[in-house]
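There are 4 protein chains.
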Amino acid sequence: MTKAIVIGGSRGIGKSISESLQEIGCEVLATSRKEIDTSNIESVKKFSEHQGNTDILVLNTGGPPAKEFFSITEEEWQKYHNQLFLGFCLILKNIKINEGGYIFLISSSVIKEPNPKLIISSAYRLAFSSVLKILSKDFAKKNISCINIAPGPINTQRTKELVENVDEYTQSLPMGRLGEPKEIGNFVKSIVQNKVKYLSGVVINFDGSNSNHIF
Amino acid sequence: MTKAIVIGGSRGIGKSISESLQEIGCEVLATSRKEIDTSNIESVKKFSEHQGNTDILVLNTGGPPAKEFFSITEEEWQKYHNQLFLGFCLILKNIKINEGGYIFLISSSVIKEPNPKLIISSAYRLAFSSVLKILSKDFAKKNISCINIAPGPINTQRTKELVENVDEYTQSLPMGRLGEPKEIGNFVKSIVQNKVKYLSGVVINFDGSNSNHIF
Amino acid sequence: MTKAIVIGGSRGIGKSISESLQEIGCEVLATSRKEIDTSNIESVKKFSEHQGNTDILVLNTGGPPAKEFFSITEEEWQKYHNQLFLGFCLILKNIKINEGGYIFLISSSVIKEPNPKLIISSAYRLAFSSVLKILSKDFAKKNISCINIAPGPINTQRTKELVENVDEYTQSLPMGRLGEPKEIGNFVKSIVQNKVKYLSGVVINFDGSNSNHIF
Amino acid sequence: MTKAIVIGGSRGIGKSISESLQEIGCEVLATSRKEIDTSNIESVKKFSEHQGNTDILVLNTGGPPAKEFFSITEEEWQKYHNQLFLGFCLILKNIKINEGGYIFLISSSVIKEPNPKLIISSAYRLAFSSVLKILSKDFAKKNISCINIAPGPINTQRTKELVENVDEYTQSLPMGRLGEPKEIGNFVKSIVQNKVKYLSGVVINFDGSNSNHIF
Chain A
-5 MTKAIVIGGS RGIGKSISES LQEIGCEVLA TSRKEIDTSN IESVKKFSEH QGNTDILVLN
55 TGGPPAKEFF SITEEEWQKY HNQLFLGFCL ILKNIKINEG GYIFLISSSV IKEPNPKLII
115 SSAYRLAFSS VLKILSKDFA KKNISCINIA PGPINTQRTK ELVENVDEYT QSLPMGRLGE
175 PKEIGNFVKS IVQNKVKYLS GVVINFDGSN SNHIF
Chain B
-5 MTKAIVIGGS RGIGKSISES LQEIGCEVLA TSRKEIDTSN IESVKKFSEH QGNTDILVLN
55 TGGPPAKEFF SITEEEWQKY HNQLFLGFCL ILKNIKINEG GYIFLISSSV IKEPNPKLII
115 SSAYRLAFSS VLKILSKDFA KKNISCINIA PGPINTQRTK ELVENVDEYT QSLPMGRLGE
175 PKEIGNFVKS IVQNKVKYLS GVVINFDGSN SNHIF
Chain C
-5 MTKAIVIGGS RGIGKSISES LQEIGCEVLA TSRKEIDTSN IESVKKFSEH QGNTDILVLN
55 TGGPPAKEFF SITEEEWQKY HNQLFLGFCL ILKNIKINEG GYIFLISSSV IKEPNPKLII
115 SSAYRLAFSS VLKILSKDFA KKNISCINIA PGPINTQRTK ELVENVDEYT QSLPMGRLGE
175 PKEIGNFVKS IVQNKVKYLS GVVINFDGSN SNHIF
Chain D
-5 MTKAIVIGGS RGIGKSISES LQEIGCEVLA TSRKEIDTSN IESVKKFSEH QGNTDILVLN
55 TGGPPAKEFF SITEEEWQKY HNQLFLGFCL ILKNIKINEG GYIFLISSSV IKEPNPKLII
115 SSAYRLAFSS VLKILSKDFA KKNISCINIA PGPINTQRTK ELVENVDEYT QSLPMGRLGE
175 PKEIGNFVKS IVQNKVKYLS GVVINFDGSN SNHIF
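Chains as they are written, first to last, in this note's numbering: chain A, -5 to 209; chain B, -5 to 209; chain C, -5 to 209; chain D, -5 to 209.
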C-alpha cells in the first residue's frame, strides 16, 4: 500500500490530487488546516513530528491575499514566510520519504513570471523552489523524485477571488479556458501510476500555453 | 482509434514512445530513415505531403556526431539545419494535427545547458524549441497540447557513443544511473492516457535531477 | 589603437555602437551591406577572409520582415538562417579576435520571449546565442569577453515598421519610451572604456524593465 | 552632487563599488555593520527611517556560513530571512530613491544555479530578486533603473573561506582567475557615468563565463 500525505488536501488542487491518488489505491492523508496550519510553525512541528514515513509527499498551500508591496507589513512577510517557505522546510526536515518515493511541490507560474499583486507568493514560492531543486540531488540517491508543478490559471476559488472578470480573463487565455484541478490530479496520478522516476529536479509549467518565456 | 506518427520511431527513445502508445491502443506509424530522412528536405516533403491527419505527432531525431566548432563545415551546418530544424518546420506545416491532439518534441537537455561537443544540436534543437513555443499558442486554440521533453542522459546507443567511460559517468549522476527510454515512453503514454491537456507550451527536463539551473 | 569591426554598423544600433567606440579612440570599421551582406554566404566569406585580427567584434544585423509561420517559405528559412546564424558562425571562424578583446552580439529580447510575428528571428538569434555561450568558455582562456545584449523596444526604423501605433505602444512601456540606440552604444563603450572583463558568457536584457520573466 | 548609499560598503564588493562611485564624484555613504545590521530588523528600521532621499542605492550584504539543509535551525532561517530578504524590503519601503536614480542589487550566481552548501543564500537572494523584478516596473515610471548583478566567483575574503583549495579552484575557472571586486565597482560606475538608463529589470551574471545555462 502506497502512503501519501497531501498538505492542503481538503480543497482545490490539493483535493484533486488526493482523489486522483486514491483512484490508484494510495492511502491518502489529505490535511486541512485542522491537521496542519502551515502559517503556524508550532502547528507544522506538531504535525510533522507525529507522522511516520510516507511514500508520497505533496507540498501544497494557499497563498496570501493580493497585496501591493508598499502596503505589506513586517508581520505579513513573517506570516507568509512561515506558510510558503519555512513550514515546508520543516516538513521536509521531519517527515521521512521512503526510498523510491515522490515529492510534489505545487508552486505557481509566478515563480517564473512574478506578479505585482502576488509579490509575497512570487518571492517565497520561488525561494522554496530553490530549496527543493537543491534537495532533489540528494533525494535522487534514494530514488526519490522531486517534481515542482507550477500551475498557471486554474479553476479554483482562489482564481475567482483574484481575477476581476473571470469570463473575460478566461477568453483571453490560449486555450480559452482555465485549467481544471482534476488535470493536475491526473498528471500527478499518471506519474505515480507509470512509475516515472527519472522526471526529477524539474519545474513543470502547467498553464495551457499561457507563459511567454521560452522555458 | 487514436493515430500517432513517431518520427525516428524505429529505435531508442522514439521506439519506446511508439511501443508505449501502442500499449494504450494507438495506431502508431513509427518511421525509420526509410520512410523519412529528416536531413533530406525532399524526403521530408514527400513523406509529410502524403500523410493525412494525425492525433499525435512525435518529433524526434538523432543528432550529429560530436564535433568542435572550428571543425564544423558549412555543409554540416546546412545538413543538420535540415535535420534538426527545417525538416521539423516543414512537417508541422504539412501534417495536420487533429483537434484535441498532441505534439511531443523530443529535444535535449543541451537546449538549456549547451554542450561544446554538441554545439550543432545545442543550437538547432533550441531554435526549434522556440518555434514550437510560439506555435503552442495557436495550437492551444484547437486544444492541441505541445510538450517539449528535454532528455538528459538516457541509456541509448548514442549515449554510449558520446561518453567515454559510461560506467564512471553513470556513477557520477544524481540517480547513479542513466534514464531508460521506456521511462520517456511511459511519460508520454501517461499524459495521453490521462488526457492531460493543460500541460502545453512547456519544456520538461527529463534528466534525473542532473541539471543545475533552478529552472 | 584598439580596432573594432561592427557588422551592420551603418545604421540603427550598430551605428550608435560604432560612434560610441570612436569616442573613446577606437579605429572602427562599420560595415554596411556593401562591405558584407550576412544573408549571402559568399559575401561573408569574402569579407571575413580579408580581415586581419580585431580587438572588438560586434555581431549585429537586421531581421527579416514580420511573417507568420505557415507563410514562411523554405527559401526564406534558408536565407535568414544564413543572415542570422550561419554568417555569424563563419565570421567567428575566420576573423581572429586579439587576446583581451571583446565580442558583442546584438541579439533581441525575442530570444527569451519568442514573438509569433518574428518567429525567424526568435529561432535563429536564439540558436546563435547558444553558439556564443559555448564559445565564451574557450574565448575566456584568451581573456576575450563575450557579451550578448538582447535589446527590447529600441527607437529604430525597424521598430517603427513593426509596430502599428508607435505612440500607443510607447506609452504602454514601463519607462513610457523606447530605448535609444545611443544607450546601447554608451553601454558597450562603458564596458570597453572601464576594461570590464569578467562580464562574459552573459545575456543582458536591455529593455527598460519590459520583460516579465524573473531572469 | 549625486548621493549614493552602499549597504555593506565597508569591505569586499561593496567597498569597491563605493570607491568607484566616489571616483566619479558621488557622495557615498558606505555602511558597515555599525550603521546598519541587515540581520537585525530594528537596526534596519532605525537606519532607513533616518535617511533622506538618495540617487543611488546599492543593496549588498554578506551571506551566512556554509551549511547543509538538515542542520539549519529555525532560528538561522529567521535570521538570514531578515538579513537577505526582509531587511532589503524594509529599506526599499523606507528610503526614497530620487527620480532618474539607480538601485543596484548585488545578489549571487546561486540565484540561478542554487548551491547545496549555500542553500540559505540561494533561496533568499532569489526571493529578493523576484521582489526587485516586480518593483522595477514601478520604478521605471520614475526613470529609476533596477539592476541585479549576480556575481560568480569573486576574489573576496568570503570566497577564500568557502573554497577549500583556492588555487585549484581558480585554475578550473574559464578565465583561470577569480573576478576582482574592482571589476564590479567599475561596471557599476560605468553605468552611472554613461547614464545608461534603459538597462533595468535585469539580472546580470558577472562570472567570467562560468555558468552553464544559456541564460
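A portion of the hints provided could be inaccurate.
Identical copies carry no separate label here, and so any pair may be met within one copy or between two of them.
[Unchecked claim] Once the Cα atoms are required to be at most 20 Å apart in a straight line, the calculated DMTMM-like pairs of lysine to aspartate or glutamate come out as:
no.: 1; residue 1: Lys73; residue 2: Asp161
no.: 2; residue 1: Lys135; residue 2: Glu158
no.: 3; residue 1: Lys189; residue 2: Asp161
no.: 4; residue 1: Lys9; residue 2: Asp49
no.: 5; residue 1: Lys136; residue 2: Glu36
no.: 6; residue 1: Lys87; residue 2: Glu68
no.: 7; residue 1: Lys(-3); residue 2: Glu13
no.: 8; residue 1: Lys154; residue 2: Glu62
no.: 9; residue 1: Lys111; residue 2: Glu17
no.: 10; residue 1: Lys(-3); residue 2: Glu155
no.: 11; residue 1: Lys154; residue 2: Asp31
no.: 12; residue 1: Lys135; residue 2: Asp161
no.: 13; residue 1: Lys189; residue 2: Glu13
I should point out that these hints are in silico values taken from the structure, not numbers from a laboratory.
Now the hints, each set against the structure:
When the C-alpha separation of Lys73 and Asp161 is checked against a cutoff of 20 Å, the pair qualifies neither within a copy, at 32 Å, nor between copies, at 44 Å. In this homomeric assembly, Lys135 and Glu158 never come within 20 Å of each other (Cα to Cα): the closest approach is 46 Å inside a single copy and 23 Å across copies. With identical chains, the CA atoms of Lys189 and Asp161 are never at most 20 Å apart, being 38 Å at best within one copy and 24 Å at best between copies. Proximity of Lys9 and Asp49 under a CA criterion of 20 Å is satisfied intra-copy only: 18 Å inside one chain copy versus 31 Å between copies.
For a Cα distance limit of 20 Å, the shortest separation of Lys136 from Glu36 qualifies neither inside one copy, at 29 Å, nor across copies, at 43 Å. For the identical chains of this complex, Lys87 and Glu68 are inter-copy neighbours only, at 11 Å across copies versus 26 Å inside a copy, given an alpha-carbon limit of 20 Å. Taking identical chains as interchangeable, the C-alpha atoms of Lys(-3) and Glu13 lie at most 20 Å apart only when both belong to the same chain, with a minimum of 13 Å there against 30 Å between chains. Taking the shortest alpha-carbon separations for Lys154 and Glu62, only the intra-copy value of 19 Å comes in at or below 20 Å, while the best inter-copy value is 35 Å.
Neither within a single protomer nor between protomers do Lys111 and Glu17 lie at most 20 Å apart by alpha-carbon distance, with minima of 36 Å and 40 Å respectively. Taking the shortest Cα distances, Lys(-3) and Glu155 never come within 20 Å of each other, neither inside one copy (33 Å) nor across copies (41 Å). Taking the shortest Cα distances, Lys154 and Asp31 never come within 20 Å of each other, neither inside one copy (23 Å) nor across copies (42 Å). In this assembly of identical chains, Lys135 and Asp161 lie within 20 Å of each other by CA distance solely across copies; the values are 16 Å between and 46 Å within a copy.
For the identical chains of this complex, Lys189 and Glu13 are neighbours both inside a copy (18 Å) and across copies (16 Å), given an alpha-carbon limit of 20 Å.
The structure shown violates the earlier hints numbered 1, 2, 3, 5, 9, 10 and 11.
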